[in-house]
Each structure stands twice: as C-alpha cells, then as structure tokens.
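*Asks:* Heads up: the sequence lines are chains B and P, in that order.
When we follow full-length UniProt numbering, the leftmost residue of the first sequence carries the number 1, and every step to the right adds one.
When we follow full-length UniProt numbering, the leftmost residue of the second sequence carries the number 1, and every step to the right adds one.
Calculated directly from the structure, the hints in this document are not laboratory data.
No experiment lies behind these values; they were computed from the predicted model shown.
One thing to keep in mind: the hints can contain errors.
[Stated by the list, open to error] Covered by chain P, according to a simulated footprint, are these stretches of chain B (three or more residues, beta-carbon under 8 Å):
| id | stretch |
| --- | --- |
| 1 | 107 to 115 |
| 2 | 728 to 741 |
[Unchecked claim] The list that follows gives simulated cross-link-like pairs (lysine-lysine, DSS-like), each with its CA atoms no further than 25 Å apart:
| id | chain 1 | residue 1 | chain 2 | residue 2 |
| --- | --- | --- | --- | --- |
| 3 | B | LYS444 | B | LYS29 |
| 4 | B | LYS582 | P | LYS322 |
| 5 | P | LYS322 | B | LYS602 |
| 6 | P | LYS320 | B | LYS602 |
| 7 | B | LYS582 | B | LYS35 |
[To be verified] So these bits of chain B aren't anywhere near chain P, every CB distance computed over 12 Å:
| id | residue |
| --- | --- |
| 8 | ARG88 |
| 9 | ARG253 |
| 10 | THR701 |
Every residue, glycine too, gets a C-beta built ideally from N, C-alpha and C.
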Amino acid sequence: MKLNIEGLLVYFPYDYIYPEQYSYMLELKRTLDAKGHGVLEMPSGTGKTISLLSLIVAYQKAYPLEVTKLVYCSRTVPEIEKVVEELRKLMDYYAKQTGVKNDFLALALSSRKNLCIHPEVSSLRFGKEVDGKCHSLTASYIRAQHHSNPCQPVCQFFEEFDAVGRQVPIPPGIFNLDDLKDFGRRKGWCPYFLARYAILHANIVVYSYHYLLDPKIADLVSKELAKKSVVVFDEAHNIDNVCIDSMSVNITRRTLDRCQTNVETLQNTISRIKETDAAKLREEYMRLVEGLKEANVARETDIYLSNPVLPDEILQEAVPGSIRTAEHFVGFIKRFLEYLKARLRIHHVVQESAPQFLKDIYEKVCIDRKPLRFCAERLRSLLRTLEIADIADFSAITLISHFATLVSTYSKGNLYDYDFHQKTPTIANPVLHFSCMDPSIAIKPVFGRFQSVIITSGTLSPLDIYPRILDFRPVTMASFTMTLARTCLCPLIVGRGNDQVAMTSKFETREDFAVIRNYGNLLLEMSAIVPDGIVAFFTSYIYMENIVASWYEQGILENIQRNKLIFIETQDAAETSMALEKYQEACENGRGAILLSVARGKVSEGIDFVHHFGRAVIMFGVPYVYTQSRILKARLEYLRDQFQIRENDFLTFDAMRHAAQCVGRAIRGKTDYGLMIFADKRYARADKRGKLPRWIQEHLTDGSLNLTIDETVQLSKHFLRQMAQPFRREDQLGLSLLTLEQLQSEDMLQKIAQIAQQA
Amino acid sequence: MASLSEEVLLVVKRVRQRKQDGTLYLMAERIAWGPEGKDRFTVSHLYADIRCQKISPDGKAKIQLQLILHTGESTTFHFSNGSTALKDRDATKELLQQLLPKFKKKANKELEEKNRMLQEDPVLFQLYKDLVVSQVISAEEFWANRLSLNTVEHSLSNNSKQEVGISAAFLADIRPQTDGCNGLRYNLTSDIIESIFRTYPTVKQKYAENVPHNLTEKEFWTRFFQSHYFHRDRISTGQQDIFSECAKQDEKGLKSMVTQGVKNPMVDLLLLEDKTLDEVRDCHGAGGRPTDAPSDQASETSSTDGNSRDSDFFQLPLKKVKLQESIEYDDLQGDSGRKTIALNLKKSDRYSHGPIPLQSQHYTTSQDIINSISIIQHEMRNYKPRLTQVMSSNAASSAITALSPGGLLMQGGGQQTINQLVPTDVQIELKHLYTAAGELLRHFWSCFPVNTPFLEDKLMGHLEEMLQAAYSKFQVWQTRRMMRKT
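One chain only, chain B, in its complex shape (with noise of 0.2 Å):
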C-alpha cells in the first residue's frame, strides 16, 4: 500500500499495516526532518524492520540530497541476512508498483570468512585463519613480490578486482552476502574487497555494529561513509556493552610473551632492511616528519569519520622524535613491554586509574604520555614499511600498541580503570584489565558524524536510560505498544510454590533446597500443561548446573522427561547449535521439548522461538549481572560519579533488559502467543515491574503478580485453550491490522496517536 506519512509517499510492501507500525513510521519521519537523533522501542514481532527500510528508502527518494546513505547496523549474521531480505521485498514492490526499474545499490558487508570464494581460503574454519591467510595473499608488498617472482601466490580473486574492479560500478541491485558471492564468482573478483569498495557509493549498507563501533574495524571500513547518512542500530538494548567492549583491553602474561616475539621478529627485520634497503626507513621517517597531517585535513574537511583511537589532537602534532625511527621505536616498546611484565610479576589485587598507571611508568622507566598516544599509530607505519606478511602474528603487539595509545589518551577525567586480577586463586594467572567505563567515548564519533542515529530495539525501557549513559541528545524518545486483537502474551510473576515458600534466585536462599524444589515443580507442571516447546532461562550457568543436578537427585528430571525432551544449552557454541536444532525437530514432530538455557547467553542473545518453537518462556530468577566483579564495581561507580545513576538502578535496569530479552524470545508477531513467566517474587516489586518495557508491563494485571504455581497452571491453561481457538484476519483487522482506508479514518488517526508514548 501506498501511504501519506505527513506528506511523505512511503510504500509499503503489504496489503495491511499495523496501527503502531504507521505510529513508529510517524514517529521517525519526525526525527529524519528534525535532522537529529532518536530512541524508539517497539516490540519484535511489530514489523519494525520493514517500518523502517519503508520510510527510509521513501525518504532518501524524495531528498536524494539530504539523505544519501542507509546505514543499518545490526548484531548478528542472520540478522543482517534477513534484513536484506526484507529489503529486497520492498525494491521488489516499488519496482512492481512505479514499472521503474530499481536504482538503489544495496548491500551486506560481513568479514572474511562469510564472503570469500577463494578455493582454499574460504575453507578454513575460524574467522582468523581466513584473515590471516587472505592477507598473505592480498598484501601490497606480497604482490608486489609477486610481480618480480611469479611463484609467490597471490589470490586471483583480489588481482582480478584490483585490475578492474574500481572502474566499472557494481550494478543497482540487492546484493546479500550470497549475491555478493555469487557476483563474485561470475565476474572473478572478491566479494569481500569488493563490498568494502562499494559501501562507499551503495545506498544502504548493512553490516555489523563492529563495522561502525570498534574504532580499529571503523577505522578501516567505515571511515569515508558520507556524513548525510542515517545510520541505525537495530537490536541495540546492549548496545552500551558493545561499545565498551570495543574499547576494553586485556592482557594476559601470554600476551606479553608472544609480544615479546613480535619485537624480536621486529628488529631483525629492521637489520635486515638496514642492510639491504635502508632508503626505504629514511622515506618512513620523512613520512613521520610530516606528522598525521593528511589525515588531519581529511578529518577536518569532513571526510573522515573519526577514530577514538586517533584523537583529534595527535592529528595536529608530528610524531614525537624519541620513537620516530624504527630501532627507537623498538626500544621503546621494548621498555614498554618490560615495564608490563614487571607489573603482572605481582600477586594481589590493584586497581589503579589512567593517571596513576602514567605516573608509575613515568616514575619507573621514564616513559613519557605523549610518544605513548602515537604508539598505535606509529605501529601500523612500520608494519606497513617492513611488509610484514602474517599480520595475524603481531595481534599481540598490536594490542599492546592500542592499549599504550588508549590509556595515555583518555586519561583526563578518570575515564579508564584498570586492574590487576587474580583470576585463580591457587595458581597466578595475573590478567590486565584495561576497562573502559563510558560508552560513549566510542559511540561519540557516529553521534557527532551523522546526521541521524536510530537507536531502536523490542527492549530499551527505561528510555531515558540511554542518552544518559551513551551521552547524546534526542530529538525523539517513544515506546510503541502492540495493539492486540487478543491478549497473545501472558506474563505472570510466580513468586511462591504450592508449599509457601517464596521462590527467588537472592543470593541467601538460591541454594535453599525448598527453592530449587519449587523450581523443578514449576518446571514439572508446565511441562505437562504447555505444548511444544518450552524454553527456561537461568541466570549463569553455575546456577544451571546446580539445580540440574539436584533435579536429577531429587527425580524431578525424570518426571520432567516423561512430558518432554529436554536440552541444554552449554558453552561449547558448536554442541549448543546441535540442541537447538534437535530442540527444533522435537517440536516438529510434535514430541515437544524443553531448552534450558542461560540469560545473557547466545541463545537469549540471538535465537528467536517463533510460533510453537516457544509457547512458554519461564526465566528463572532474576539476571542480575555478576555484582562482585571489580570491572562491574568500577563502572557503576563511574555511572554514579559521572551520570547521577544509582548502582542498584542500573544493575535493576540491566538485569530487566535482560530478562525482558530472554521473555520476549517466544513472542514474534500477532499470531504467535506464549506465556512469560517470571519466577522470583522479586518480580513483583514497582522497582522491577516498572523496568519492563511497555508492551509487556501493560498485560500484567495485579492478578498475575505473585502467583503460587498452582495459580500458575491455572492461569495459563485458561491462556493456551483460549489462544488455541482459531485465529482469523477478520478477528484482527479494524483493530491490530488496518486495510488503507480504516488507516486514513479520522478516529484511527486518533487511536495511533496514542500508541507512542514519549519519554
């Protein structure tokens, strides 16, 4: 359908919308004209995808000036897969609907290992070997050797792409990774090169959140993107831990030992040069010399987006003289090194801040902030003079080299801690931590870059939450609720069993025998009440295998297999895919299973359980983050010192974004349903409660707090026999499904205008 969204002709691929769909398109029209950015929580399952690519791909038609660029970032593969997908639905619309044939370029970018054709490269394994090897057949010098002996192999993919790759434009088209592979292979050029040259002029780019957030990968792959894109983080209820992550270091004694190698292979490699091709060293100092000021100009003409691993100041100055010919260079990480190693030689605890670790080195071996912020910068020059081949070898001197420049650099303001850490009590294994504390530092340059940042998720409440701690200013803040034709999820607290006893995974009592009785109770009655699939969360998985094992002691296991299979997430990604698919073919078969997993886990991160892969979801406790970690301690005193934001808030908030994550799992659209159940009393609390987000707070009456189980069965089979009727258009449409003249009607406008609820 055609729609008017405040003047703006926005096709839609589908016959019907959902009223809070045209409410969220509403809502981002808003944002896009104000040219600023916006927080929007809508639930899964509401079509947010397609609301978005709709009104985006709409508008950068109509302002072919104002928005050149797409830039929609999400969390994981099949996401993204999917999300060209639905791109593809909506170009395959237009083009259906203008008899225009389609002019947008549109692609996915993913790293090595999902896109490249070369025979022998793309059949290993890990992400790492294909890089690896990938760079010893693509580097400069390599092919350069090459050129003067033909034995050197090089990868024809890369040569047939470099040679002609650039000059003829990839076609307008929707190209998925597989497309991009399958281009690859009729014309004989790398896809993955490939892609990375055209995310410069496509129309909309999908990739990871790394490609933009991890200043090393933005660096390479996002730094040209024009400054008029939108760019959208999708699924970004964690994206605060992306961030800091990104910016996080940590060293290990290992480290340090094959850093240690990295620097012996370094200065021989300079001997050797020396000897052989000194002019080659003499051109990278004059190069030094004249300091970072190309990019520098670039930056300041816009052209660049920048790096929080560059900041703006070093740009200006030359790279100091004390590391700016090689050998120096080496010594002085030499030094460096050494220093480190004596600090891991320790045996307690300590914690120290930016400054004080500055001060210690000054004071022990004399080594200046200044050449410490160029290090990494100084690194990536001599690698590339030195024509390193294997750069997966020097990951260890590299992080070395990210960290000197880090913790020189956000030194002001006590942004970093760090700590020394004992992580085995018996046998020192002495690990650095340098942890980043604020979120924003690396989400500061896509902020101040772009013209609009999306952030958007099923899960973001409290909203308020997010600009205070990733430091931005939206023009819009709203939470969509989902208009339902029938109440098709059903949240329910159980906060005691049928004997009394109050069921929560607190600290005190999470061991209590009583409790994990009543847990594998629950788990018991619900398995015989709910059909298909069943997934269970825990809050770690100590805590999983704990009660697994005394429900194995105690034969509730046994009485739980009568009903249903059941399956365990682990560690191990590879054995945990098996389960699920297993999991799967057991609810396939009508055999029904029950996946006992881990909040925060892989699973609760990125698998959906749509339809009857998920009739009921019970989190068991509530997840709170692991509270004794120091890195944890550090940063909620840094939120509080910095943000106002109480420990005990956050941690709430953190725990709720992840139990909401774990819950809303089952729930994928109007036509599924599922129960939720919270099992811990603590549930029912304001504080928590209020922490959900809307559209799951809203169906939790009174009724429904604080149940026994017994309650609880109840409750839910009401809930399944009646979601178990049939199902029709007819029962939705004129409430949660609109045809386009019940959309324009005067009272619906009305109705949508009160789905968004501002923050």
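Based on these hints, arrange chain P on the given structure of chain B.
*Replies:* Relative to the frame of chain B, chain P by itself:
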C-alpha cells in the same frame, strides 16, 4: 500317530496339562502334548498360531510354561519331573524362543496378507468372488497376477502405517521394587526390552554378542541396570564393564554430530558473531590507495574448486527458505499468498454434467447455457411490465407447472442421468461385470509378448474360455435386464 514322519526336536516327559501327566513333543512345525499311555495328541499347536510364551518366575513352587495363541486361548504346561523340571522347562523355553520368531515371520504371512487385501479392498473382494468363486479363473492365477502388485502395495501400506514410538518415560517407568532384603527387582517385558534396544542400539549389539554364551539373560539385564544407574552421568568407567564401550560410542556419535555442524543456518551459533580481526593495514580496500595492478595475471587461469562451490549450492536453498520464513508476516500479506493448484480439465462439460443418456439429442454446452442466461438476464433488465396485456392466471399457473421440475417442459432435462434411469442392483451388477471383464482383459494382455510355452498355453487354452465365460455372464445380465424392462 498321524505325524510320526515329522522330525521331533525335543521330547519332554512328565509334563502335566490339566492335571494329567503326559509327554510334550516339540516338532519342526508344531508343539504337541499327549497324555500318558495314549498314542495321540490331545493338544497340538502350530508354531505359527502361537503368539508368545510365558514362564513362571524363578523360585515359584510350580514350574510352568504358558503358550498364548493368536486367538487369545492359552495352554499351560506344568513341568513336574522333580529335580530336572527347571532344566526341562528352560530347554523348552530356549527352543521355543528360537523357533517361534521364524514361524511368526513366515507362516500364514501370505494367507494373512491375501486376507488383509481382500478385507481392505472391497473391489478386489468382489472381483475375487466374481472370478474365483464362480470359477472363471483359478485362485492361483488370480493371485499370481496380483503378487507383484501385492509386494509393492505391501511396502507402501507398511510405510504409511506409523511405527509405534518409544515412550519417553519407559526408563522412568521401570521402577525397581525392593524385595525386602536390600535388593532390587526389575520387571522387564518384551516391550521394554524392545524400547531399550531401540533407544540404545549399542546395547542390542552387546546383547547379541554376549547372550546366551557369555551371560544369561538375567545377568545381562542386571548388569545393564547397575551400569545404567551408576554411570548415567559418567563417561569413563572401568574396562570390565561391558557397557562402558556403549557409553563411549554414544559419546563418539554425539561428537561427530557436533563436528558435522547443523544444517539450519538460523540456529548455528557459530555463525552469529560477525567481528573481524583487527586489521593493521590500509594498503588497499576501501580507504587504501589503489596499487598498481600487475598485468601478468593472464598466466593465472581461474580455477575454482568444485567442492566448495557444491557445498555452497547445497546449502543455499535451505538458507533461502529459512530466511524467507523468518521475514514473513502472514497477517500483513493479502490473501493471494495461498497457492492452489488449478484443476486442469480438458472438457469441463463432462466434469460438471457427468454421464448423461445418449438419447437426449440436444446437447447444450455450458457456453450455450451461459449465453442463454445472459440473454435472459439482459431481457430481464430491459423488461417493462405492460400491465394492460397480462396473461390469464390459468395460463400463467400452467406455464409455471410446466417449468417446475417434473413438469412438461422439464422432462429429459440434464439432471436425469443414467444412475436415475437404471435400478441400483442392475447398476451394481454392471459394475461388477465391468471390473471382472477388465481383470480378464488384463490377464489377456499381460500374456503378451508370448515368450513362454506356459503363456501360450494360457492364451490359447483357457483365456479364451474365460472370456467366453465372462461373455456368457454378460449375456445373462443383458437378458435379465431386458426382461425387467419389458
């Protein structure tokens, strides 16, 4: 003794049946019992008739063996030969155990199968009655021609019948009972054993290897349960345990499954993450300076490896399907989404009218009808009542009766098809004749090409007779029909 010529496999003396002493004979095809001092059997069962045997538990005073027949009857033998009674019973049991399964498979299978086919297929049954019972062709011939069909059909019907699954709780259901003195007793039925074998194929293998030469059945199961309950969550057990190997094999199977990976890319957690290694260069690619391309690439013929390509093509469709599935919103889509298969009719008239008697000369096609309807509709639309020139009410009512079903003008109209003209019994008879004749013709044509003397004989000799017989039958029917008409 009628069956002295039979091979006697085992003779057990002093076996009581209905409080009478006697001797039990196990022969090649049947089990028989005769009372003491008489030379005839009062009890005789073909092995094929026996469904199963049951034995009294160890330790009971009476040592008995019960045979249960397919009909539901049962016969109990009491072994009363004092000290050797138990041995006698076990010997009988063992032998029966070996013999029964053989007969179960072979005996009666054919007859049962024929019976089943006749019961399940009324048309075939009728055909059988018409051709075999009325002795147009012999039963062998009738079945000989069916047999090839038979096997095909058999396998088909076997496939469509679902196997009974294994109860999830079968292990939980084998509740051991305490026997009062710190021991456990398990009651195993053949169903449970079957379930165990199906769940753990390796156990079945072990059973075949060890029972009865290394272990007795009882010992085997005792060990199984000890090991099962003790080691359920342990992989590495002692070497002396015969089941430790089973556990290891299971583990190996699981491991190989894991290494094979999953087929559905949407649940593959290994593929979720998309994070590239930090790269330490910018020499080419998106932001890099273009390097001079070497021009000697012509020497490199692009040879793509067939393997990787194949696997890709293999994987693609499933992935595409799963992706499409995951982005579909069935309630947002219009109704057009449901795909139906159009009925492809060569002559739609035949389909909508069915067979009609040939005497109705005026054959109207549906196009004619549609045309006339549209003409009438058109006329109706332009109809202006001329109230001054109406018909008389008599004339009008007679016109209405003439136009009503059964009226003057409605006779011979479409609806009266052959099934209304001919009485049902004649119809049924005709149908039978038709199928019987069809069957005979099938026999006739299946003789071609004539490449064996048997076929030639069949063709020349009695097929002609048969067809003759069939024709005379038809003649009878014809005359009867004529008689009825007149």
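*Asks:* Decide, hint by hint, whether the structure agrees.
*Replies:* For each hint, the structure was consulted:
no.	hint	in the structure
1	107 to 115	holds (count 4)
2	728 to 741	holds (count 3)
3	LYS444/B <-> LYS29/B	23 Å, holds
4	LYS582/B <-> LYS322/P	16 Å, holds
5	LYS322/P <-> LYS602/B	20 Å, holds
6	LYS320/P <-> LYS602/B	23 Å, holds
7	LYS582/B <-> LYS35/B	47 Å, violated
8	ARG88	9 Å, violated
9	ARG253	21 Å, holds
10	THR701	26 Å, holds
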